[in-house]
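Engineer: This is what each chain is made of:
Protein chains: 2
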Amino acid sequence: MKRTKVKELLNSTSTLKEVLVNGWVRTFRNNQFIALNDGSTIHNIQCVVDFENTSDTILKRITTGAAISITGALVESQGAGQKYEIQVAQLSILGDSDPEKFPMQPKKHSLEFLRENAHLRVRTNVFGAIMRVRSVLSFAVHQYFQQKGFVYVTTPIITGSDAEGAGEMFRVSALPFDNTPRNEFGKVNYKEDFFGRETNLTVSGQLEGETYAMALGQIYTFGPTFRAENSNTSRHLAEFWMIEPEVAFNDLDDNMDLAEDFIKYVVNYALDHCLDDLKFLESRLMDEEKSKPQSERSDMNLIDKLHFVSNNQFKRVSYTEAIAILKNCKPNKNKKFHYIIDEWGADLQSEHERYLVEKHFKCPVILFDYPANIKAFYMRLNEDGKTVRAMDILFPGIGEIVGGSQREERFDVLVEKMKALGIDEEELWWYLDTRRFGTAVHSGFGLGFERLVLFVTGMTNIRDVIPFPRTPQNAEF
Amino acid sequence: MKRTKVKELLNSTSTLKEVLVNGWVRTFRNNQFIALNDGSTIHNIQCVVDFENTSDTILKRITTGAAISITGALVESQGAGQKYEIQVAQLSILGDSDPEKFPMQPKKHSLEFLRENAHLRVRTNVFGAIMRVRSVLSFAVHQYFQQKGFVYVTTPIITGSDAEGAGEMFRVSALPFDNTPRNEFGKVNYKEDFFGRETNLTVSGQLEGETYAMALGQIYTFGPTFRAENSNTSRHLAEFWMIEPEVAFNDLDDNMDLAEDFIKYVVNYALDHCLDDLKFLESRLMDEEKSKPQSERSDMNLIDKLHFVSNNQFKRVSYTEAIAILKNCKPNKNKKFHYIIDEWGADLQSEHERYLVEKHFKCPVILFDYPANIKAFYMRLNEDGKTVRAMDILFPGIGEIVGGSQREERFDVLVEKMKALGIDEEELWWYLDTRRFGTAVHSGFGLGFERLVLFVTGMTNIRDVIPFPRTPQNAEF
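First to last, the sequence lines map onto chains A and B.
The C-terminal position of the first sequence is numbered 477 in the UniProt record's numbering, with every residue numbered one higher than the one before it.
The C-terminal position of the second sequence is numbered 477 in the UniProt record's numbering, with every residue numbered one higher than the one before it.
Honestly, the hints are just simulated from the structure, not real lab data.
Because the structure is a prediction, the values reported are computed rather than measured.
Don't take each hint at face value.
Copies of the same chain are indistinguishable here, so a pair counts whether it falls within one copy or spans any two.
[To be verified] As a list, the in silico BS3-like pairs of lysine-lysine whose alpha-carbon atoms are at most 25 Å apart:
| id | residue 1 | residue 2 |
| --- | --- | --- |
| 1 | Lys419 | Lys101 |
| 2 | Lys279 | Lys108 |
| 3 | Lys5 | Lys264 |
| 4 | Lys7 | Lys148 |
Full structure from sequences and hints, please.
Structural biologist: What follows is the structure, given as structure tokens:
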């Protein structure tokens, strides 16, 4: 007999004489009621064991975490809480789970403990839900762009280019590490390395993505990126997934429109496709916040917050306007900020971004036209000569979720900027070719996928929304 | 005015009074006919310039590769070859392209030359088509699995685990490379490295994927994987994208069914969604094969070949049967093979696989039940004690496109196998946990995405189906 998934059984429109279901025991009550889960849904199916006709040996092996196979009838449930349940006719143990040893017992485990067991935490309700939501969101990303005619581009992970200046990089090498070959100056001789040069893990696919946008018109990347920064925070990973669309002929306004429309689409897609998991995560968040002081609790429940984001326009504010707001706000005047804003040109810190989003505007905010000297070399200089066509999207509780810009399409202006910053033209010859041959206005942005998953799941530590997080001192599994 | 994409204009159901189109000049004939492309389709739109009323300065700047913006009327074309064309009312040059310098001139370039210009080759018809097909195939992969309820899992790229034995690995490090800290034995002290241990780039997400399948039931990965093998062939990349589904409760037969159904789905999806590009690639392949001797040409045109694969059952043959066929075949008896097959247990080489697929069966072949000692440690041992539940799918012209197996779910058997092969149990404690707690039959496979793209596009060098290939001595861009 073919096995049926728990999700299908729970969604059945009628009782069924005989079904086969495989899964893992979540709980076993009164020697009679098995809550069985197979990962297809947050919900368990209740399987009722005829304990009088089942051997004690078998009953003892129905423990949390055990894999079992059941055949029986799908019948209407007498109990509250479920429409259907299975009357077990046959039960076999596929794989035992010693209750003395299985770490995922049916009780509340700390998130820290679960992180140390990243290979097993997905067997809990919380992580099953998170990972299903993550999967649905990733599909929504692809679907959004594909429907609009964007071409998915996989930019290189190992890169010979280190001129982007987006952060510290990991070195990649196939040289014998204990005994590297040296050149005449006593330095490592990369000519003998696999690629015949120094190579690193990419920090962004943007520059390569631009070369593709200038041929295919609309492209997006969705792949892993890396930062060798020693930041042990709840918002940073050394390895994370980034989405980077790039569109020829789009200016900054088009870019903001695209980013806002995109985010709303994927949030709505999650609401439409995994509401059960989101409801569960909403209740988890409410539980968690009960232990916090009122002032630190969310204003809105998770699902209300998601609807709020998808139904309301993001507030678009220039950097200059934002500085004016911040200079005159209470926490700045009362010196409650760590970094006091006293003049135009200041780099905004997380505390300022949170004030704007959470206290002042109370909605997602798009800041644009930043000072040139606090932003990357490839952003388009405005006519004022001091700001660039950059934009950041700030989200409540998350901070920066998107960073983007209209790119500097003018060859001369770009080269001058690179010179001023000491970026090697030779190194980026191929990037400059996009401006040498058929250049045009174009724009793009980067969205850190895990920050999006954080927002949608209501989790607060980024290590909990990626299967096997990579952070300083942590590369287990 | 909002710009319209070339693809939409060509698919228009009526003439239009005024349209705006931006793109790059492919060719400019007779000072009058611009073939304009914006990457949305393989086809160009013809734009007819009123040269008598256009300044010579502008006409001279309409060169191959230049970015231009045109407004005008979409009218029925007088010429053959297109339904509509644009009568240019206004034309502006967005970005020049010096015909003396632009490398992508409208003539036949060698694939080698184009590889050296990987950032510009996508502006040619061939590479535009390949990259659109690649994108559509990647979406088909996600759509197939998501529709079936699989959860997309991103397994780690940087891994502390090096016990998989799937190939040589790249080292990842944030240590100062010229002057690495040493321990008391004079070896590199990885405790001071970013992750506090040796880390490498992943060769496969399978082991981590298994831990997720044993919780979520059905999962798939789709991400970059790496091999530091010095193979300069047309079928190997140091960095390539791999798809690895893993399903709890699936045995090897289910696994073969899944792989076959999956491949047919994505091939059909490409036929349904990028036929124009495939037709172009088919004609490219025919051109290329004209210069080859008859015996080396394909039996079928590209599109016929794709239909053939999607319409015919793959032939399933045990390793033992395959050896019998090979032992008695002409090239073996006449010693035409490099490696003569004379007994059961031989590892099959590419020449043998090609014989089976291209000469003997003339269709995709699934080989299964291989000798244990030529396959990986995690494959399930058969009752015969000498073969494992492995399967490889072999494709004409490509060779191995899928490798998979039913996994050894029995803790004791697995540990014994690991011991025999000297694989450290301590290192893989987390992998063994899947067998310690609630183990069950499960199976999965890996498909090298670029090999699939090779097959579907009819290209013959794997460096031509990934945007920026990584191979020995090559990490430019």
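Engineer: Now tell me if each hint is right for this structure.
Structural biologist: How the hints compare with the structure:
Taking the shortest alpha-carbon separations for lysine 419 and lysine 101, only the inter-copy value of 23 Å comes in at or below 25 Å, while the best intra-copy value is 62 Å. With identical chains, the CA atoms of lysine 279 and lysine 108 are at most 25 Å apart within one copy only, with a shortest distance of 18 Å there and 58 Å across copies. In this assembly of identical chains, the alpha carbons of lysine 5 and lysine 264 lie at most 25 Å apart only when taken from different copies (24 Å versus 31 Å within one copy). For a Cα distance limit of 25 Å, the shortest separation of lysine 7 from lysine 148 across copies, 12 Å, qualifies, whereas the shortest one inside one copy, 32 Å, does not.
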